[in-house]
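Take a look at the letters that make up each chain.
Protein chains: 2
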Amino acid sequence: MNFNVFTQKDLGFLTNLVGEERVSTGQSYLELHSVDEANNKCPLPDAVVWPKKAEEVSSILKMANERMIPVTPWGAGTSIEGNPLPLYKGIILDFQQMDEILAVRSESFQVDVQPGVKYQDMNKALSRYGLFFAPDPGANATIGGMIGNNASGIRTIKYGSTKDNVLKLEVVLPTGEIIRTGTFAHKTSSGYDLVRLFVGSEGTLGIVTEATLRLAGIPEKFGVALVTFESVEDATNTVYEMIGAGLEPAALELLDQATIEVINQEAHLGMIEKPTLFIEFTGANEASLKEDLNQTKGICRTNHSVNVESGIGRDERARIWEARHQAFELMKRNNPGRSFLIIDTAVPISEYPQMVRFARETIKKYETKGYFLGHAGDGNLHLVIPGDFNDPDFILKKDKVNGEIVSHAISLGGTATGEHGVGIGKRQFMIQEHGESLQVMKRIKQLLDPNGILNPGKIFP
Amino acid sequence: MNFNVFTQKDLGFLTNLVGEERVSTGQSYLELHSVDEANNKCPLPDAVVWPKKAEEVSSILKMANERMIPVTPWGAGTSIEGNPLPLYKGIILDFQQMDEILAVRSESFQVDVQPGVKYQDMNKALSRYGLFFAPDPGANATIGGMIGNNASGIRTIKYGSTKDNVLKLEVVLPTGEIIRTGTFAHKTSSGYDLVRLFVGSEGTLGIVTEATLRLAGIPEKFGVALVTFESVEDATNTVYEMIGAGLEPAALELLDQATIEVINQEAHLGMIEKPTLFIEFTGANEASLKEDLNQTKGICRTNHSVNVESGIGRDERARIWEARHQAFELMKRNNPGRSFLIIDTAVPISEYPQMVRFARETIKKYETKGYFLGHAGDGNLHLVIPGDFNDPDFILKKDKVNGEIVSHAISLGGTATGEHGVGIGKRQFMIQEHGESLQVMKRIKQLLDPNGILNPGKIFP
Numbered sequence: 001m002n003f004n005v006f007t008q009k010d011l012g013f014l015t016n017l018v019g020e021e022r023v024s025t026g027q028s029y030l031e032l033h034s035v036d037e038a039n040n041k042c043p044l045p046d047a048v049v050w051p052k053k054a055e056e057v058s059s060i061l062k063m064a065n066e067r068m069i070p071v072t073p074w075g076a077g078t079s080i081e082g083n084p085l086p087l088y089k090g091i092i093l094d095f096q097q098m099d100e101i102l103a104v105r106s107e108s109f110q111v112d113v114q115p116g117v118k119y120q121d122m123n124k125a126l127s128r129y130g131l132f133f134a135p136d137p138g139a140n141a142t143i144g145g146m147i148g149n150n151a152s153g154i155r156t157i158k159y160g161s162t163k164d165n166v167l168k169l170e171v172v173l174p175t176g177e178i179i180r181t182g183t184f185a186h187k188t189s190s191g192y193d194l195v196r197l198f199v200g201s202e203g204t205l206g207i208v209t210e211a212t213l214r215l216a217g218i219p220e221k222f223g224v225a226l227v228t229f230e231s232v233e234d235a236t237n238t239v240y241e242m243i244g245a246g247l248e249p250a251a252l253e254l255l256d257q258a259t260i261e262v263i264n265q266e267a268h269l270g271m272i273e274k275p276t277l278f279i280e281f282t283g284a285n286e287a288s289l290k291e292d293l294n295q296t297k298g299i300c301r302t303n304h305s306v307n308v309e310s311g312i313g314r315d316e317r318a319r320i321w322e323a324r325h326q327a328f329e330l331m332k333r334n335n336p337g338r339s340f341l342i343i344d345t346a347v348p349i350s351e352y353p354q355m356v357r358f359a360r361e362t363i364k365k366y367e368t369k370g371y372f373l374g375h376a377g378d379g380n381l382h383l384v385i386p387g388d389f390n391d392p393d394f395i396l397k398k399d400k401v402n403g404e405i406v407s408h409a410i411s412l413g414g415t416a417t418g419e420h421g422v423g424i425g426k427r428q429f430m431i432q433e434h435g436e437s438l439q440v441m442k443r444i445k446q447l448l449d450p451n452g453i454l455n456p457g458k459i460f461p
Numbered sequence: 001m002n003f004n005v006f007t008q009k010d011l012g013f014l015t016n017l018v019g020e021e022r023v024s025t026g027q028s029y030l031e032l033h034s035v036d037e038a039n040n041k042c043p044l045p046d047a048v049v050w051p052k053k054a055e056e057v058s059s060i061l062k063m064a065n066e067r068m069i070p071v072t073p074w075g076a077g078t079s080i081e082g083n084p085l086p087l088y089k090g091i092i093l094d095f096q097q098m099d100e101i102l103a104v105r106s107e108s109f110q111v112d113v114q115p116g117v118k119y120q121d122m123n124k125a126l127s128r129y130g131l132f133f134a135p136d137p138g139a140n141a142t143i144g145g146m147i148g149n150n151a152s153g154i155r156t157i158k159y160g161s162t163k164d165n166v167l168k169l170e171v172v173l174p175t176g177e178i179i180r181t182g183t184f185a186h187k188t189s190s191g192y193d194l195v196r197l198f199v200g201s202e203g204t205l206g207i208v209t210e211a212t213l214r215l216a217g218i219p220e221k222f223g224v225a226l227v228t229f230e231s232v233e234d235a236t237n238t239v240y241e242m243i244g245a246g247l248e249p250a251a252l253e254l255l256d257q258a259t260i261e262v263i264n265q266e267a268h269l270g271m272i273e274k275p276t277l278f279i280e281f282t283g284a285n286e287a288s289l290k291e292d293l294n295q296t297k298g299i300c301r302t303n304h305s306v307n308v309e310s311g312i313g314r315d316e317r318a319r320i321w322e323a324r325h326q327a328f329e330l331m332k333r334n335n336p337g338r339s340f341l342i343i344d345t346a347v348p349i350s351e352y353p354q355m356v357r358f359a360r361e362t363i364k365k366y367e368t369k370g371y372f373l374g375h376a377g378d379g380n381l382h383l384v385i386p387g388d389f390n391d392p393d394f395i396l397k398k399d400k401v402n403g404e405i406v407s408h409a410i411s412l413g414g415t416a417t418g419e420h421g422v423g424i425g426k427r428q429f430m431i432q433e434h435g436e437s438l439q440v441m442k443r444i445k446q447l448l449d450p451n452g453i454l455n456p457g458k459i460f461p
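Protein chains in written order, with our numbering: chain A, 1 to 461; chain B, 1 to 461.
If you are wondering where the hints come from, they were derived from the structure by calculation, not from laboratory data. Quick caveat: nothing in here was measured; it's all calculated off a predicted structure. It is possible that part of the hints are untrue.
Which copy is meant is left open, because identical chains are indistinguishable; a pair holds if it fits in one copy or across any two.
To be verified - Keeping only pairs whose Cα atoms sit at most 25 Å apart, straight-line, the calculated SDA-like set for lysine to any residue is:
#1 Lys158 <-> Ser127
#2 Lys52 <-> Glu100
#3 Lys9 <-> Glu31
#4 Lys332 <-> Arg317
#5 Lys168 <-> Arg128
#6 Lys158 <-> Asn285
#7 Lys442 <-> Asp164
#8 Lys124 <-> Ser350
Can you make the complete structure from the sequences, with help from the hints?
Following this line, the structure appears as structure tokens:
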């Protein structure tokens with residue numbers, strides 16, 4: 001890529017545009033914006049800017065496009081595939097100061113937000129309306145980051161991913177043009193779906209400066225179950241049979257024995273140390289949830305469950321789900337000084353048992369430690385591997401484990417990334433996954449960002 | 001548009017490629033492919049071809065692209081916005097003979113199909129697996145047509161539109177290139193979402209030759225209600241409150257008094273002739289459905305419902321829903337010799353009552369007859385206006401009614417088309433709806449179909 005060197009004149013332009021207090025070339029700020037949550041690293045950017053409005057983003061993109069200087073948007077830095085790292089230096093647009101909730105239209109189940117608003121903060125503010133944005137990435141990501149990566153998580157089985165819950169976007173193109181696309185209506189067949197083209201494009205096609213999100217009502221009632229199985233196969237078979245039976249869980253999570261062991265060691269919850277399903281149903285009334293849980297228990301029993309703990313209500317949910325919500329934090333605590341490879345693949349639900357088996361064999365083969373926790377209901381598998389990212393032997397090993405598991409997922413008809421995006425970490429799998437359609441993606445990139453200034457080096461191998 | 005005249009040599013090419021029995025220039029075939037279900041008409045195409053495989057489509061597109069001859073895909077001809085009409089003549093690709101179900105992967109809730117398979121026929125074949133494709137357009141459209149228009153219908157409130165249920169596509173580009181895009185996994189964050197770019201593009205970007213669809217389990221149990229209200233406002237308020245309460249109906253349909261009157265006249269069902277909601281819940285167990293219905297009845301009562309008929313089970317569902325399913329057929333029978341304008345807009349759910357009010361006032365103002373039947377739960381409003389399409393006065397009137405209602409929907413933040421696509425009928429509203437983002441759509445069209453041979457004259461004004 002042939003970018004120009006960022007000059008004092010460019011810095012002058014930025015300072016002139018947004019004022020000194022919202023531009024920085026300070027070492028600590030540059031360092032903060034060259035590493036992500038999974039310890040992926042890159043060269044320091046040239047400058048960090050904190051825009052406050054679309055017009056500023058527009059002016060910066062226009063300048064950068066003319067000057068051939070890379071621009072990379074930054075949310076909360078919670079990505080784990082290196083998605084917002086400024087590989088080719090240039091300008092970081094940090095959206096921390098564009099974090100307003102612009103309008104809540106509770107009667108339409110919609111909210112308009114700026115991209116820097118954080119998911120958890122937003123949902124706290126929305127709770128007074130009895131509403132929430134359902135895709136739950138775990139981390140307190142920004143909405144802009146979630147849109148970039150098409151993030152999702154525990155509730156996707158019921159509510160879909162970010163993509164399914166974005167109605168309208170304001171996007172700045174590299175030319176500086178500001179467009180609005182989408183509709184406030186909840187369904188449309190009007191023209192090409194640019195919203196879903198931008199969602200998941202990781203800031204490589206345009207930069208989102210405002211979004212209208214579709215919200216869901218906070219469920220009135222909760223029914224939860226924690227089910228222990230002798231084997232992972234029994235657990236994955238249960239997942240498959242539950243969905244086949246027409247049950248519609250709001251969450252369906254699998255944690256393997258190693259993960260439960262860590263949880264017990266760190267949080268002393270005294271859970272049975274075997275593969276475990278965390279199941280949640282939500283709805284408007286208790287009778288129906290009880291019936292859902294009864295039917296679920298029946299399916300668990302036929303799949304040799306060894307223990308079922310279940311309950312109704314918000315407190316029961318908090319208690320039973322505590323372990324799931326804390327899992328990653330407890331892993332970190334249990335592996336001090338370690339970084340983590342988090343493998344993220346998704347396969348057709350029928351292939352899930354085989355995928356889990358293959359992944360377990362692979363970590364055994366490479367003698368690594370690994371924790372499974374997956375959004376099993378979606379066929380989305382996470383394997384968390386702790387290690388020393390400064391140890392070349394470990395790096396080699398983790399790359400092999402990652403490569404073999406992701407390739408296997410693709411060979412089963414699955415995808416290299418269920419919810420974390422491509423970033424840097426999954427680029428190498430794009431040809432295997434997309435074949436000749438990758439060329440069409442490239443042509444669209446070339447069309448909308450001919451100079452390649454937007455988040456360069458991402459997605460494409 | 002500067003297309004070339006279709007010559008004997010072109011016809012020779014086609015005949016040579018697929019054989020005489022799968023090409024026609026016969027008047028009756030040409031006429032069949034120049035009118036749609038809503039009596040939109042256009043010049044006769046030059047030839048109709050019935051391809052049998054992607055490679056044939058590829059050869060035809062390559063030739064047509066080089067020769068600058070329009071190519072328009074054709075499914076079942078059930079569109080109502082003129083979506084598949086060959087405005088600039090050229091070649092019709094009729095997918096009637098590419099109608100195979102290629103693979104059912106019931107254990108993954110997926111089916112691979114050719115684009116010519118008809119929705120109702122496919123669901124009949126899938127029923128033996130306990131599965132179905134949920135977006136229900138009413139008409140027995142082809143899957144290719146549903147993909148083209150991003151069709152949806154009664155069940156969209158629960159299952160989403162066609163777009164939400166397509167996992168993978170095989171698409172032929174104007175160059176003849178055959179690409180495959182998407183994944184068999186049920187979630188992905190891998191690269192740009194080309195699947196959703198092609199779905200809803202009405203055959204203007206590429207021609208779909210195979211699709212993998214996501215299926216749902218046929219519900220075990222049904223709970224239905226037919227609720228009569230004194231006013232449309234009471235009915236629409238009920239819709240809004242049901243969704244706000246966290247109820248999750250599988251269908252939520254509004255029929256106005258005029259529609260119920262037609263149903264009574266033609267089918268003698270003896271329904272109360274007032275605005276009526278058709279409500280359906282589905283699930284795995286009866287207890288929960290009863291509770292859903294109880295809660296629904298409570299909301300209906302507070303909104304002054306005058307009658308509630310409800311029941312549990314498949315037979316009850318068939319009985320109570322009979323009127324809804326027959327509604328359009330009965331309108332036709334009640335208006336012999338008439339054609340129908342079917343207005344299709346969607347607005348945010350909070351604007352639905354106002355939208356219905358405006359539409360009623362508009363047909364009153366123009367002294368036309370009109371039947372309302374809407375997918376109220378999605379904010380999707382249909383207004384069916386019968387008339388004589390050969391009467392210039394009626395044409396003028398219907399265009400005015402359509403124009404005012406659609407414009408009003410857009411001004412309320414809604415869309416010109418909830419589920420029927422743009423075709424010819426909604427082109428004039430695209431600038432109002434999409435503003436400057438329409439230019440981005442045009443650029444994508446130009447990128448993928450630089451000669452503009454694919455279904456020319458559609459979507460763009």
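Hint check:
With identical chains, the CA atoms of Lys158 and Ser127 are at most 25 Å apart both within one copy (19 Å) and between copies (23 Å). Proximity of Lys52 to Glu100 under the C-alpha cut-off of 25 Å is restricted to the intra-copy arrangement: shortest distance 10 Å within a copy versus 54 Å between copies. Only within a single protomer do Lys9 and Glu31 lie at most 25 Å apart by alpha-carbon distance; the minimum there is 22 Å, versus 66 Å between protomers. Within a single copy, Lys332 and Arg317 get their C-alpha atoms as close as 24 Å, which meets the 25 Å cut-off; across copies the closest is 53 Å, which misses it.
Only within a single protomer do Lys168 and Arg128 lie at most 25 Å apart by alpha-carbon distance; the minimum there is 23 Å, versus 40 Å between protomers. Both within a single protomer and between protomers do Lys158 and Asn285 lie at most 25 Å apart by alpha-carbon distance, with minima of 17 Å and 18 Å respectively. For the identical chains of this complex, Lys442 and Asp164 are neighbours both inside a copy (24 Å) and across copies (24 Å), given an alpha-carbon limit of 25 Å. For a Cα distance limit of 25 Å, the shortest separation of Lys124 from Ser350 across copies, 23 Å, qualifies, whereas the shortest one inside one copy, 36 Å, does not.
Hint violations for this structure: none, all hints satisfied.
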